[in-house]
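Position chain R with the ligand relative to chain G; hints supplied.
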Amino acid sequence: MSIAEEAKLAVRGAIQGVMEKAIELAPDSWMPGGKPDSLIATKHGSIGASVPRIDSPLKVQGKAPFAAEFELPGMVYAALMFSTVAKGRIATLDTAQAEAAPGVVLVMTHRNAPRMESMPVFLSAEKAGGGDNLPIMQDDRIHWNGQPIAVVLAETQEQADYAVALIRASYEQDAATTSFATAKRKGTEPGLFMGQPLKTEKGSADAAFKASAAKVEATYTTPRHNHNAIEPHAATVAWDGDRLIVHDASQAVAHTAWSLGKIFGISEQQVHVTSPFVGGGFGGKCLWQHQVLGAAAAKLAGRPVRIALSREGVYRLIGGRTLTEQRLAIGADQDGRFNAIIHSGTVATTRQNGMPEPFILPTMSSYGSPNIKLDVEVVYLDMLANTFMRAPGESVGTFALESAIDELAVSLGIDPVELRILNQPSEDPLKGTPFSSRHITEAWRAGAEKFGWSKRSAPGTVRDGEWQIGIGCATATYPYHRMPGGAARITLTRDGYARVEIAAHEMGMGTATAHTQVVADRLGLSRDQVTFAYGDSLMPGVVLAGGSQQTASIGASVIAAHHVLIKELLKLAGNDSPLAGLGTDEVGTLNGGLAKLDDPSRHESYVSILTRSGRDHVAVEGSASAPLETMHWSMHSFGALFCEIGVNSVTGETRVRRFLGSYDCGRILNPKTAASQFRGGIIMGLGLALMEETQFDDRNGRVMNPSLAEYHVPVHLDVPPIDVIWTDIPDPRAPMGARGIGEIGITGVGAAVANAVFNATGKRVRDLPLTLDKLM
Amino acid sequence: MTPFDYSRASDVADALRMGAGVQAKFLGGGTNLVDLMRETIERPAALVDITGLPAEITERDDGGLVIGAAVRNTALAEHRTVRTRYPVLSRAILAGASAQIRNMATVGGNLLQRTRCSYFYDDAGSRCNKRQPGQGCDAIDGFNRNHAILGASEACVATHPSDMCVALAALDAVVHLEGRGGARTLPLVELHRLPGDRPDLETALQPGELITAIELPAQPIAARSTYRKVRDRSSYAFALVSVAAALELDGDTVKDVRVALGGVAHKPWRALEAEQALRGGKVSEAAFRAAAEAELAHAVPLSCNTFKIELAKRTITAVLGELAGAAR
Ligand SMILES: Cc1cc2nc3c(=O)[nH]c(=O)nc-3n(C[C@H](O)[C@H](O)[C@H](O)COP(=O)(O)OP(=O)(O)OC[C@H]3O[C@@H](n4cnc5c(N)ncnc54)[C@H](O)[C@@H]3O)c2cc1C
Numbered sequence: 001m002s003i004a005e006e007a008k009l010a011v012r013g014a015i016q017g018v019m020e021k022a023i024e025l026a027p028d029s030w031m032p033g034g035k036p037d038s039l040i041a042t043k044h045g046s047i048g049a050s051v052p053r054i055d056s057p058l059k060v061q062g063k064a065p066f067a068a069e070f071e072l073p074g075m076v077y078a079a080l081m082f083s084t085v086a087k088g089r090i091a092t093l094d095t096a097q098a099e100a101a102p103g104v105v106l107v108m109t110h111r112n113a114p115r116m117e118s119m120p121v122f123l124s125a126e127k128a129g130g131g132d133n134l135p136i137m138q139d140d141r142i143h144w145n146g147q148p149i150a151v152v153l154a155e156t157q158e159q160a161d162y163a164v165a166l167i168r169a170s171y172e173q174d175a176a177t178t179s180f181a182t183a184k185r186k187g188t189e190p191g192l193f194m195g196q197p198l199k200t201e202k203g204s205a206d207a208a209f210k211a212s213a214a215k216v217e218a219t220y221t222t223p224r225h226n227h228n229a230i231e232p233h234a235a236t237v238a239w240d241g242d243r244l245i246v247h248d249a250s251q252a253v254a255h256t257a258w259s260l261g262k263i264f265g266i267s268e269q270q271v272h273v274t275s276p277f278v279g280g281g282f283g284g285k286c287l288w289q290h291q292v293l294g295a296a297a298a299k300l301a302g303r304p305v306r307i308a309l310s311r312e313g314v315y316r317l318i319g320g321r322t323l324t325e326q327r328l329a330i331g332a333d334q335d336g337r338f339n340a341i342i343h344s345g346t347v348a349t350t351r352q353n354g355m356p357e358p359f360i361l362p363t364m365s366s367y368g369s370p371n372i373k374l375d376v377e378v379v380y381l382d383m384l385a386n387t388f389m390r391a392p393g394e395s396v397g398t399f400a401l402e403s404a405i406d407e408l409a410v411s412l413g414i415d416p417v418e419l420r421i422l423n424q425p426s427e428d429p430l431k432g433t434p435f436s437s438r439h440i441t442e443a444w445r446a447g448a449e450k451f452g453w454s455k456r457s458a459p460g461t462v463r464d465g466e467w468q469i470g471i472g473c474a475t476a477t478y479p480y481h482r483m484p485g486g487a488a489r490i491t492l493t494r495d496g497y498a499r500v501e502i503a504a505h506e507m508g509m510g511t512a513t514a515h516t517q518v519v520a521d522r523l524g525l526s527r528d529q530v531t532f533a534y535g536d537s538l539m540p541g542v543v544l545a546g547g548s549q550q551t552a553s554i555g556a557s558v559i560a561a562h563h564v565l566i567k568e569l570l571k572l573a574g575n576d577s578p579l580a581g582l583g584t585d586e587v588g589t590l591n592g593g594l595a596k597l598d599d600p601s602r603h604e605s606y607v608s609i610l611t612r613s614g615r616d617h618v619a620v621e622g623s624a625s626a627p628l629e630t631m632h633w634s635m636h637s638f639g640a641l642f643c644e645i646g647v648n649s650v651t652g653e654t655r656v657r658r659f660l661g662s663y664d665c666g667r668i669l670n671p672k673t674a675a676s677q678f679r680g681g682i683i684m685g686l687g688l689a690l691m692e693e694t695q696f697d698d699r700n701g702r703v704m705n706p707s708l709a710e711y712h713v714p715v716h717l718d719v720p721p722i723d724v725i726w727t728d729i730p731d732p733r734a735p736m737g738a739r740g741i742g743e744i745g746i747t748g749v750g751a752a753v754a755n756a757v758f759n760a761t762g763k764r765v766r767d768l769p770l771t772l773d774k775l776m
Numbered sequence: 001m002t003p004f005d006y007s008r009a010s011d012v013a014d015a016l017r018m019g020a021g022v023q024a025k026f027l028g029g030g031t032n033l034v035d036l037m038r039e040t041i042e043r044p045a046a047l048v049d050i051t052g053l054p055a056e057i058t059e060r061d062d063g064g065l066v067i068g069a070a071v072r073n074t075a076l077a078e079h080r081t082v083r084t085r086y087p088v089l090s091r092a093i094l095a096g097a098s099a100q101i102r103n104m105a106t107v108g109g110n111l112l113q114r115t116r117c118s119y120f121y122d123d124a125g126s127r128c129n130k131r132q133p134g135q136g137c138d139a140i141d142g143f144n145r146n147h148a149i150l151g152a153s154e155a156c157v158a159t160h161p162s163d164m165c166v167a168l169a170a171l172d173a174v175v176h177l178e179g180r181g182g183a184r185t186l187p188l189v190e191l192h193r194l195p196g197d198r199p200d201l202e203t204a205l206q207p208g209e210l211i212t213a214i215e216l217p218a219q220p221i222a223a224r225s226t227y228r229k230v231r232d233r234s235s236y237a238f239a240l241v242s243v244a245a246a247l248e249l250d251g252d253t254v255k256d257v258r259v260a261l262g263g264v265a266h267k268p269w270r271a272l273e274a275e276q277a278l279r280g281g282k283v284s285e286a287a288f289r290a291a292a293e294a295e296l297a298h299a300v301p302l303s304c305n306t307f308k309i310e311l312a313k314r315t316i317t318a319v320l321g322e323l324a325g326a327a328r
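Here the protein sequences come in this chain order: G and R.
Note that the first sequence covers residues 1 to 776 in the UniProt record's numbering.
Note that the second sequence covers residues 1 to 328 in the UniProt record's numbering.
Here chain G stands alone, though its shape is the one from the complex:
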């Protein structure tokens, strides 16, 4: 194309552009008095369109490479042997038979493992990503039942699995603490989360509770849960001299690279972690011992290693959600207005990571009360380090909080929806900061209307044959987070295509799709002109796919890079451009180029700018601003949940008949992928409500159901029609107006189901899961 032709095209673009308005630069940070992201107002762009996932064609063709599908020349396969005692020393470890077995290349134990540092435990440093801080195969000590004590490498997976079964171990056992009840009797300690106690009080809650006209107080318990992503954890690992390459299943590539560098005494630049596709993360796909063992064994054997955990391996090696025992007390006046909320209790955790499931989180923001007291106590057990699992804190904390509110509503004879609306705070209940955007009341009204809440009957009065029918509701909630460290690179090429690179993650939630949409709108391009590249530690940014913060983090990173890009483009455009003389504040993106904000006829396309300046591309990098918005505003998403269930009067079986979630999460970037996120979360919540439970044998700390045959998650028949609606009101303090939706789906579901069970039967179950024996 000649320059003249391109100029013509550019002019045509400008003429079209007269009708439209250029999209101005987004603010680089969100401060009081500042402007929202201009994208929150766009109506006809890509954002908000139900775009199918761009990775689906690859996945249905089997062309999306997962961690355990990278083929490396000379690769060997790993199998792990796990300890069968919770604490003590390995007394004997006989590996001779395994070493002699066919195909075996190496048996690695504490006797021959290379020296390495322990994992920097998650949150102990900016990029620390380890699940625990124990020595990994450095000595003969056992810290939990299931700890890996040997790695076998063989030419095939079958040979490795067979050889592992030939290893004989015996132990000198030490007294282990594996019983929650026993540990509690010895006394609890304050739970610390990132060094801070999970304890806070406003007013004097105990006194206010005592003096309240209406009171509910009860203990609620939730069991341990295991991570069961459809893709078991895996890594394909190779050393290239002193460079380490890890094809991982990861929701934290930058953290993993940095942490592996620390462990093996090399720089983070020498570690290359890729993770192009992840078959579900949910908080479990960070750095655990298997990647470290794989890398250590690869080093020792001098060959690339594939280490793919069996399902049992996931249960033995990857932490899950710990159990909770929560006391919830609410004091209210006769009209139902809260005077006091007390949410306290005890959880089990370990010394090697210290992750007290923060079940008080939902109570920090959901309701107003002059007196609030929150306290998480812990006991330390000798067990696998527990960890983050979808909405840590809120998932199980809402079970107690939202059940107790239902109990209060019943005792006061107030509609539970109205009781929740009545107790909405006007500012953050603890911090006193203003809300960035809070439309939960609209969500409640819309949900109640669509669900038919007004048809609710008195407890135990509706029957359908053997089935007792009930409906229930609960609040879902999850905060907006944005962690520091986001950064992105944008490369614009002369053909008018843009490539964004950021060390973020696609775990099946639709990240790549949604951000292709966002980048297209932000740059004034069509989606097929945008490539969103992610899942590689060599890319910019420290972007954890956790805390439902990835969307905000990517959004803010791209905004920062976009600022640099526009500055650079204006420089290149120079004096011969219709944009000549304009500053970055005066231009916006429009139709594949830049235009003056109040005069879109002054437009020049990217193609033209690059062509005229003789560049085939321009590449820029930007770092996201510090996440100050959460200091100025209280930023939370909410949902109003409704469900209808049946409880069989003969057998006590509970079956969910329909479910509705009405959410207020800011702007919804892609309704199709968002609906799937909400639905998936709700289904996981149904599992939490009805069946999920890790059978942890208190006697020896052994997990007894390490298999999907015995650890129940919902099957298709357990999943009813799920309706999902949302307010779609943009949050003016969040990039794109979007607050993140990855975790809220699971929250509140346990209580919604339990409250419906009460409505059906008049029975209040305060102990999850709601199995039939509790309802017979």
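Errors might be hidden in some of the hints.
Claimed, not checked - Here are the in silico distance ranges between beta carbons for each label pair:
| hint | chain 1 | residue 1 | chain 2 | residue 2 | range |
| --- | --- | --- | --- | --- | --- |
| 1 | G | K672 | R | D172 | 52 to 58 Å |
| 2 | G | P671 | R | R38 | 26 to 32 Å |
| 3 | R | P187 | G | S457 | 49 to 55 Å |
In short, the hints are calculated from the structure, not lab data.
A virtual CB, placed ideally from N, CA and C, is assigned to each residue, including glycine.
Using the frame of chain G, we list chain R with the ligand on its own:
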């Protein structure tokens, strides 16, 4: 998995010859055996694949059915005669496992599938008298929610997990066997043993003996039969309690009745006491409940499964009530 030899039998004689070795095992669909081999709980030196043996369902002149041992669970459940004349069997099979597993699973393999006790499965870390006689049982004081309330022993509290077998127990099925000593038959209810002090001995089969077929006697009563399975999720879970039953009425009187229970014992449990209590008596919910009480009078709960006793009583009562309702 321990390496093994594999061969495929083309007829019964072939199978018996190949399966004669001490460490040989017959391989049906492999949905249980292969799993147990992966867990190194089973370590056969040789597998004799018997899925090539005749897999036919033959109707006899007297109205009975002979079902080849290699018939797949799906084929049996979908068979027209089974669905119309023995609905309890079809329903029991369809209540089990998943479509994929049923497509693979054979009748012979279903009979001989082993318990799902998680301590039995935990070869590396738990004690089990079934795996290693005399070792002790970690289930008795452990997670025993799914375990037995009837016929258990101090050595073993495991249950037999099959749904199909519960229906077969109610239907007076007969197992056809062939071994070195020749052919013989055995009532299904005598195939599986109670654990006693040798829970490792699970059946009355001789070493190397092959199940060749199941015979269902003609049973007019079976036309009015059903299966109800109570479990922790809607599908793809083993029974906490299941009931197979058939009922024949004469006006308001129970002319004949069959009841068998699953999920409660080391074997499919034919509820003879309940049947006895009902036969010749008047139909009423109270009578059904009383029969259930009679059957479960000897039930002994474990630490986590007391609820099963009441659940079994209620389920028996409801199933009989349903059948009686349909009969009127
Ligand atoms: C996840 C899961 C869920 C399940 N859920 C259920 C459920 O809900 N209800 C239920 O009833 N079942 C359930 N099952 C079990 C399933 O029904 C059995 O695995 C299946 O019936 C076994 O049949 P098979 O042909 O695959 O047996 P195999 O695994 O091939 O063999 C099982 C045993 O039978 C022996 N054998 C096989 N054929 C013969 C023969 N002709 N003569 C002598 N010995 C023989 C084998 O040597 C072996 O010891 C489940 C299984 C799984 C894996």
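Structure-based check of each hint:
no.	hint	verdict
1	G:K672 x R:D172: 52 to 58 Å	holds (56 Å)
2	G:P671 x R:R38: 26 to 32 Å	violated (43 Å)
3	R:P187 x G:S457: 49 to 55 Å	holds (52 Å)
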